[in-house]
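Please dock the two separately framed chains into a single complex, following the hints provided.
One-letter residues, chain by chain:
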Amino acid sequence: DTEVTQTPKHLVMGMTNKKSLKCEQHMGHRAMYWYKQKAKKPPELMFVYSYEKLSINESVPSRFSPECPNSSLLNLHLHALQPEDSALYLCASSQDYSGSYEQYFGPGTRLTVT
Amino acid sequence: AQSVTQLDSQVPVFEEAPVELRCNYSSSVSVYLFWYVQYPNQGLQLLLKYLSGSTLVKGINGFEAEFNKSQTSFHLRKPSVHISDTAEYFCAVSEGVAGKLIFGQGTELSVKP
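If you read the protein sequences in the order shown, they are chains A and B.
Under the working numbering, residues -5 to 108 are what the first sequence spells out, in order.
Under the working numbering, residues 521 to 633 are what the second sequence spells out, in order.
It is worth saying that the hints were derived from the structure and are not from the lab.
Worth double-checking, as some hints may not be accurate.
Facing chain B, from chain A, some residues (calculated, C-beta under 10 angstroms) [as the list claims (entries may be wrong)]: (1) K30; (2) P37; (3) C62; (4) L82; (5) A86; (6) S94; (7) Y95.
Note that this is a predicted model, so its numbers are computed, not measured.
The beta-carbon is built from N, C-alpha and C at its ideal position, and this holds for glycine as well.
Bound-form chain B, shown alone (with noise of 0.2 angstroms):
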């Protein structure tokens, strides 16, 4: 069965410092990543995906994440981060046909000023 794993629960960072949020999934085949933000009080956006192709995938508000398959990792960076990016992260992974999400268990992400 597939799994994800957020490895932090929380990360403190300070304005306009670098953030990594990491994620670790278990499948055997070939799957479809995805991280998603959700803001107080708000339903969940859509940050970035991977389905194929470069490794490499840049999303919405600055963040970009790596897929490496040999780690089966799909970290979330972000070079310089703001106030507003102060939320709850959520790396997902579904498998092939079916479109069944699997969570991790989210990142909350504190920014001080």
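If we strip away everything but chain A, and leave its shape as in the complex, we get (with noise of 0.2 angstroms):
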């Protein structure tokens, strides 16, 4: 199984609400990403766990909160979101924290903040 699975794939939330996006794999790996793509352009990776400790923070403003309960798991709660920040959400997995390794992602969550 090398898939890695995100919920859900559209989500649509107003400026005042909470809401969290969900990431699975079960390939055995031990870094996961959370990277924000705008149309046309590449992925900005924002959040990086590695042995389900948050090794990078791409200086994420905090109404972006990661959390990873375990190591097939990772979230990020969204709270106070602004228009700007629609996009598409994609996470990512890697066997390790290594710049030989490659990294599987998922389909992507599309949010729009209205």
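If you want it as structure tokens, here you go:
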């Protein structure tokens, strides 16, 4: 199983809502990532978890809160978002947080903030 | 700091024609190089990667890439494209121990009948 799953596929939320994105992998990978992708742009790294610990936070606003409950699951909690946060949110995983391991990407959650 | 430059933002090509998508990187240390493809409304899928060894790397769907250290390039090629190859292609580089990927801006490949 080389699949990374993400739920929901689409999400529309108001600026005062609280919602969560979920990501799951069963490949035994120990590194997991959140990316944000705007239309016609490359993915931008947001967070990296390595062995269930937050390793990298790319200066992401606190309205985005990641969580790694176990080695297979990664959540992204959203609160008080702005319309400019509308984007495709991609989750990825890799065997380890090392440059030689490829990242496996999920299909993404299309988020619209109204 | 590392950077990746994809020299063409859009590449239109007719079906069954050959194609080359160009990628240059800047790094003073050994790097690992990747090409990913993103079909509309989907996540990214790895096409191929270069870690070490042979400079010609073969990937999925008939794609291949050549690592050229002296020119710091990693161009992607396919001898005969299909309509289904229409997608966005990203070149990416990572350095050594850290797994952070640096992506190029992407090349939109449009295959016309």
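Would you list, in rising numerical order, the hints stated earlier that this structure does not obey?
1, 3
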